[in-house]
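The listed protein sequences correspond, in order, to chains A and B.
Heads up: the first sequence begins at 0 in numbering that gives the first Met the number 0, then just goes up one per residue.
Heads up: the second sequence begins at 0 in numbering that gives the first Met the number 0, then just goes up one per residue.
Where hints are given, some of them may not hold.
Claimed, not checked - Straight-line distance between alpha carbons at most 16 Å, and here's what the computed EDC-like set of lysine to aspartate or glutamate pairs gives: (1) A/K68 to B/E359; (2) B/K360 to A/E169; (3) B/K47 to A/E149; (4) B/K360 to A/D107; (5) B/K360 to A/D86; (6) B/K42 to A/E169; (7) A/K111 to B/E359; (8) B/K360 to A/D62; (9) B/K156 to B/E171.
To be verified - Simulated coverage check for chain B against chain A, where a stretch passes if three residues somewhere in it have a Cβ under 8 Å from a Cβ of chain A: (10) 302-313; (11) 347-357; (12) 460-468.
Claimed, not checked - Residues from chain A that keep clear of chain B, each with C-beta distances beyond 10 Å, as calculated: (13) S43; (14) R64; (15) Q93; (16) T97; (17) G105; (18) L110; (19) L113; (20) K134; (21) R145; (22) W165.
Derived from the structure by calculation, the hints contain no laboratory data.
From the three backbone atoms N, C-alpha and C, an ideal C-beta is built for every residue, glycine too.
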Amino acid sequence: MQRRSIFYALLGLAPAAQAFQEASASIPATAAEAVSMGLPRFYSQLDFAAFAELGQALIPAFDGRPGAKEAEAADFLDFLIGQSPADIQTLYKQGLATYKLRRKAGLDAALKELNEPWTHVGPTNPYSKFLQAAKQAFYQATVNSRQWAEAMSGRSRSAAGVGSYWLPIE
Amino acid sequence: MKTEYDVLIIGSGASGGMAAHTLTKLGAKCVMLDAGPLIDPDKQRVLKSVSDLPYRGFGKPGRFPHVTQASEFSANMWADEKQNPYTYDPENPYYWVRIRLVGGKTLAWGRASWRLSDYEFKCKDHDGFGENWPVEYKDLAPFYDRVEPLFRVSGRKEGFAQIPDGNFLADESRDSLCVQRFLDACRKKDVPTTKQRRSTGTLASSLNLLLPAALETGNLNLVPNAVVREITIDKKTGKANGAHFVDRVSKREFHVSAKAVVLGASTLESTRILLNSNIANSSGMLGHYLFDQFYVKNVVQAIVPEARGGKAPRNLMGGGGYIPRFRNLKTKSNDFIRGYSYDFGSGNTPGPSYFPAYGEKLWQQMADAQGTGFSLTTMGEVLPRYESAVRINKLKTDAWGIPVLHINQKYTANEFAMAKDSMNTAEELCKDAGFEILTRHWEMVPPGESIHELGTCRMGSDPRKSVLNQWNQTHDIKNLFVVDGSAFVSGGSQNPTLTILALTLRASEHLFSESKKGNL
Numbered sequence: 000m001q002r003r004s005i006f007y008a009l010l011g012l013a014p015a016a017q018a019f020q021e022a023s024a025s026i027p028a029t030a031a032e033a034v035s036m037g038l039p040r041f042y043s044q045l046d047f048a049a050f051a052e053l054g055q056a057l058i059p060a061f062d063g064r065p066g067a068k069e070a071e072a073a074d075f076l077d078f079l080i081g082q083s084p085a086d087i088q089t090l091y092k093q094g095l096a097t098y099k100l101r102r103k104a105g106l107d108a109a110l111k112e113l114n115e116p117w118t119h120v121g122p123t124n125p126y127s128k129f130l131q132a133a134k135q136a137f138y139q140a141t142v143n144s145r146q147w148a149e150a151m152s153g154r155s156r157s158a159a160g161v162g163s164y165w166l167p168i169e
Numbered sequence: 000m001k002t003e004y005d006v007l008i009i010g011s012g013a014s015g016g017m018a019a020h021t022l023t024k025l026g027a028k029c030v031m032l033d034a035g036p037l038i039d040p041d042k043q044r045v046l047k048s049v050s051d052l053p054y055r056g057f058g059k060p061g062r063f064p065h066v067t068q069a070s071e072f073s074a075n076m077w078a079d080e081k082q083n084p085y086t087y088d089p090e091n092p093y094y095w096v097r098i099r100l101v102g103g104k105t106l107a108w109g110r111a112s113w114r115l116s117d118y119e120f121k122c123k124d125h126d127g128f129g130e131n132w133p134v135e136y137k138d139l140a141p142f143y144d145r146v147e148p149l150f151r152v153s154g155r156k157e158g159f160a161q162i163p164d165g166n167f168l169a170d171e172s173r174d175s176l177c178v179q180r181f182l183d184a185c186r187k188k189d190v191p192t193t194k195q196r197r198s199t200g201t202l203a204s205s206l207n208l209l210l211p212a213a214l215e216t217g218n219l220n221l222v223p224n225a226v227v228r229e230i231t232i233d234k235k236t237g238k239a240n241g242a243h244f245v246d247r248v249s250k251r252e253f254h255v256s257a258k259a260v261v262l263g264a265s266t267l268e269s270t271r272i273l274l275n276s277n278i279a280n281s282s283g284m285l286g287h288y289l290f291d292q293f294y295v296k297n298v299v300q301a302i303v304p305e306a307r308g309g310k311a312p313r314n315l316m317g318g319g320g321y322i323p324r325f326r327n328l329k330t331k332s333n334d335f336i337r338g339y340s341y342d343f344g345s346g347n348t349p350g351p352s353y354f355p356a357y358g359e360k361l362w363q364q365m366a367d368a369q370g371t372g373f374s375l376t377t378m379g380e381v382l383p384r385y386e387s388a389v390r391i392n393k394l395k396t397d398a399w400g401i402p403v404l405h406i407n408q409k410y411t412a413n414e415f416a417m418a419k420d421s422m423n424t425a426e427e428l429c430k431d432a433g434f435e436i437l438t439r440h441w442e443m444v445p446p447g448e449s450i451h452e453l454g455t456c457r458m459g460s461d462p463r464k465s466v467l468n469q470w471n472q473t474h475d476i477k478n479l480f481v482v483d484g485s486a487f488v489s490g491g492s493q494n495p496t497l498t499i500l501a502l503t504l505r506a507s508e509h510l511f512s513e514s515k516k517g518n519l
């Protein structure tokens, strides 16, 4: 008997719950699911279309990898931002409004701040902040998606994106 | 609880676990209280894909505003900030990172296992700032010698005075070519380097290395879910005689009695318990001289150019190492006292935010840089200052009605100068090694984030300037010992856990021996 087994035997403890108890069922996987669950959308329908277009421009499909569109990243982020603190919501609300205005002059004009060298402190201009945040968020929502995992599983034997998850303690 | 134990141990992490391991083997009947539940890490964790997590790895928004270490994978491990609040001045945020489970933070520590040296123990003799410890390196060396095999520390013996050698599992691993280039660049500038020194094994925790042996003696009663409200004092003798605690789940109040008390609840929790108990503070120093180690994460992010485009030859990339303190040892800097160290590593892929691009151009740049990264993180010594302090905030209580801490710590000119120096030095070393600098910065993480909080219940020879003597025994109450990081007088830039373990081993043996002599 291994030492740790002895430890738990001495304490007479039952093993921790095996079942995954977290209330993941209450969290929608898609925007449609969120709507059906009665959760409010963060962006209006018009704004959401612009947000999804932005995501596709930032993180397009490339070399067999899904992009933000294929990963339904905008749907997920709309749900995430809707649950986020007020300062994040303001950043995304105002940032998208500016993006829509700037977009009229073309995509390059709307996104030119993203060509500036990165600094650790980050930009002070709220619109630049929004663009940097959106770029990072769309990237993460894409590479962490099921669509990405399925597409990449055929390209590599490594278990990318798999981690050791702590079950709820109680 | 009517039983009177020989020793009450509060906390089950590195210090509490080491105290239990030592005292129970010597024959002392011990009871251990821990604020959290007992879990089996093997059963508590499952492999999951990030795409199956409810928030795709982002984590639930706002759940952990001060725990940057909490990923969505590990979120359930960290102490809930709503149940366990604390306060600070909004202008000086403090990130207090806690785990409330049996085993404490040893369930998740980085395992870096460095010894302190007389550059720390005799720091005032060296540069005139602060106070010396009441112990020297030679006092603690035999205890480090015994702790290292328990935690199976691997490393390489180098003969550096600032990080004394120990009982290591020899690390004979070969360095990759890019690391060799970096080591050459360091050598040319007289910057010392070595392998990491780390505790090994799949789990290197109090939970599997210390507590099982203590329980096997039959001398330990482990009580999980026991949130300590205060240590109690016998009014006739003035000695500690136990503790009041609250059952975490039922919120019922209990008392446990013991002939001696060992407090190892973690740096700030131990001081909070003492302050709430209103004891051990005749010096007025309890709560003062809070410090930690500042981190500058990825102070330099570089790229090894030969690895671009997936063209890295075999053995070019991978691996890393450690640069111990090299400033202000034999020479003196004009800009700051004390020093800093670095962790460095290679083979990472810089994230998308590092690249000034979007769309296909971003993908191309990231693909070109895949696996080419070389980065360093600075860990700097923070000076203990009287004004860096904690106190009880009587206006706020935790979920069990216990008053919380108000924490005040901010970094000062010495730390800022050190951080800048570390950025410039890292950049020079990377350039000398032929690496491209992608970014550099010297912005420190907020105080507390390194999870190396130390001080507030410091040791000292003078009872007017310190709370504990050279045996981690309170000056005021001789049967009360405090054995965690709160006892530190200075901290260097080395990770503190190994020193906490060695101090606890030494203090516990002293407690037992003095107890047998009837001196407590």
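Evaluated hints:
no.: 1; hint: A/K68 to B/E359; in the structure: 14 Å, holds
no.: 2; hint: B/K360 to A/E169; in the structure: 46 Å, violated
no.: 3; hint: B/K47 to A/E149; in the structure: 14 Å, holds
no.: 4; hint: B/K360 to A/D107; in the structure: 13 Å, holds
no.: 5; hint: B/K360 to A/D86; in the structure: 30 Å, violated
no.: 6; hint: B/K42 to A/E169; in the structure: 13 Å, holds
no.: 7; hint: A/K111 to B/E359; in the structure: 15 Å, holds
no.: 8; hint: B/K360 to A/D62; in the structure: 12 Å, holds
no.: 9; hint: B/K156 to B/E171; in the structure: 10 Å, holds
no.: 10; hint: 302-313; in the structure: violated (count 0)
no.: 11; hint: 347-357; in the structure: holds (count 8)
no.: 12; hint: 460-468; in the structure: violated (count 0)
no.: 13; hint: S43; in the structure: 20 Å, holds
no.: 14; hint: R64; in the structure: 8 Å, violated
no.: 15; hint: Q93; in the structure: 18 Å, holds
no.: 16; hint: T97; in the structure: 16 Å, holds
no.: 17; hint: G105; in the structure: 13 Å, holds
no.: 18; hint: L110; in the structure: 6 Å, violated
no.: 19; hint: L113; in the structure: 5 Å, violated
no.: 20; hint: K134; in the structure: 6 Å, violated
no.: 21; hint: R145; in the structure: 4 Å, violated
no.: 22; hint: W165; in the structure: 4 Å, violated
Checked against the numbered hints given earlier, this structure breaks hints 2, 5, 10, 12, 14, 18, 19, 20, 21, 22; the rest are met.
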